[in-house]
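Now for the letters of each chain:
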Amino acid sequence: MRITYRDKAWELPGGMTARDAIKKVGLDPEAVLVVRNDELVTDDVILGDEDKVKLIAVISGGGGEVS
Amino acid sequence: MKCRKCSKPAVINMRQHKLALCGEHFLEWIPAQTQRFIEKYEMFGPRDTILVAVSGGKDSLSLWDVLLRLGYEAQGLYIDLGISEEGYSSSSLAKVDRFVGKREGARLKVVDVKEVYGKSIPQLARERARAENLLPLWAGETAHNERGGSGGRGCLGYRTQLRR
Chain A
1 MRITYRDKAW
11 ELPGGMTARD
21 AIKKVGLDPE
31 AVLVVRNDEL
41 VTDDVILGDE
51 DKVKLIAVIS
61 GGGGEVS
Chain B
1001 MKCRKCSKPA
1011 VINMRQHKLA
1021 LCGEHFLEWI
1031 PAQTQRFIEK
1041 YEMFGPRDTI
1051 LVAVSGGKDS
1061 LSLWDVLLRL
1071 GYEAQGLYID
1081 LGISEEGYSS
1091 SSLAKVDRFV
1101 GKREGARLKV
1111 VDVKEVYGKS
1121 IPQLARERAR
1131 AENLLPLWAG
1141 ETAHNERGGS
1151 GGRGCLGYRT
1161 QLRR
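Heads up: the sequence lines are chains A and B, in that order. The first sequence lines up with residues 1 to 67 when you count with my numbering. The second sequence lines up with residues 1001 to 1164 when you count with my numbering.
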């Protein structure tokens, strides 16, 4: 699966929960929302090899991204 | 995980509320919570006109959207700072314009800093830095990791020149 967050991207194998994937890339599961294949999902979903996952910061602003 | 209200797949799990909701029920819950807190903290009444400062980001546009859904006379205010780096100001204004185009009743006031003050915020910052001999502050930089430059790409602001 391909995970993107702001300008970063990672490739991870499928078969793990979104929560585990978030931890694996070094982010805090409480601080991001998970969008899998353009749909918002909870972090207990198991991600597949072909999934495209976008992580969105819960808090933003102050000159950061405009997403 | 399932929506607590209808058992459809949840799209969000709010641990602090011990509440998982589907998209439909989340979009009902958010305005209801907003109204509850407006009343709890006596922020404003139903006949007040609200000015919502919007940046083009999801947070401020969501707030504006929720206030309109609740029936408030909520008008948007966008301040164009004139930040041209990576088209920041123009792309964020475009996001606000797209929102206004989709929302009936959304009225927007745009204040252009350059038009009002004759200079954009980056121009004013550079001039002030030159006048006060300030150093540009770069992303990820510490007070002991100085570098020169005129405060262009990646410059976060300015700080007083360190004396050794």
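No lab work stands behind these hints: they were computed from the structure. The reader is advised that the hints may include incorrect statements.
[Unchecked claim] DSSO-like, lysine-lysine: derived pairs with alpha carbons at most 30 Å apart: (1) 1018(B) <-> 1102(B); (2) 1109(B) <-> 24(A); (3) 1109(B) <-> 1058(B); (4) 54(A) <-> 1002(B); (5) 1114(B) <-> 8(A); (6) 8(A) <-> 52(A); (7) 1119(B) <-> 52(A); (8) 1119(B) <-> 24(A); (9) 52(A) <-> 1109(B).
[As the list claims (entries may be wrong)] A short list of chain A residues far from chain B (calculated; beta carbon distances all over 10 Å): (10) 5; (11) 20; (12) 23; (13) 30; (14) 41; (15) 43; (16) 44; (17) 54; (18) 59.
[Said to hold, decoys possible] Away from chain B, derived, C-beta distances all over 12 Å, residues of chain A: (19) 24; (20) 29; (21) 51; (22) 52; (23) 57.
No experiment lies behind these values; they were computed from the predicted model shown. Beta carbons: idealized from backbone N, C-alpha and C, even for Gly.
Violating hint indices (sorted, rising):
Per hint list: 1, 2, 5, 7, 8, 9, 13, 14, 15, 16, 18, 20, 23 violated.
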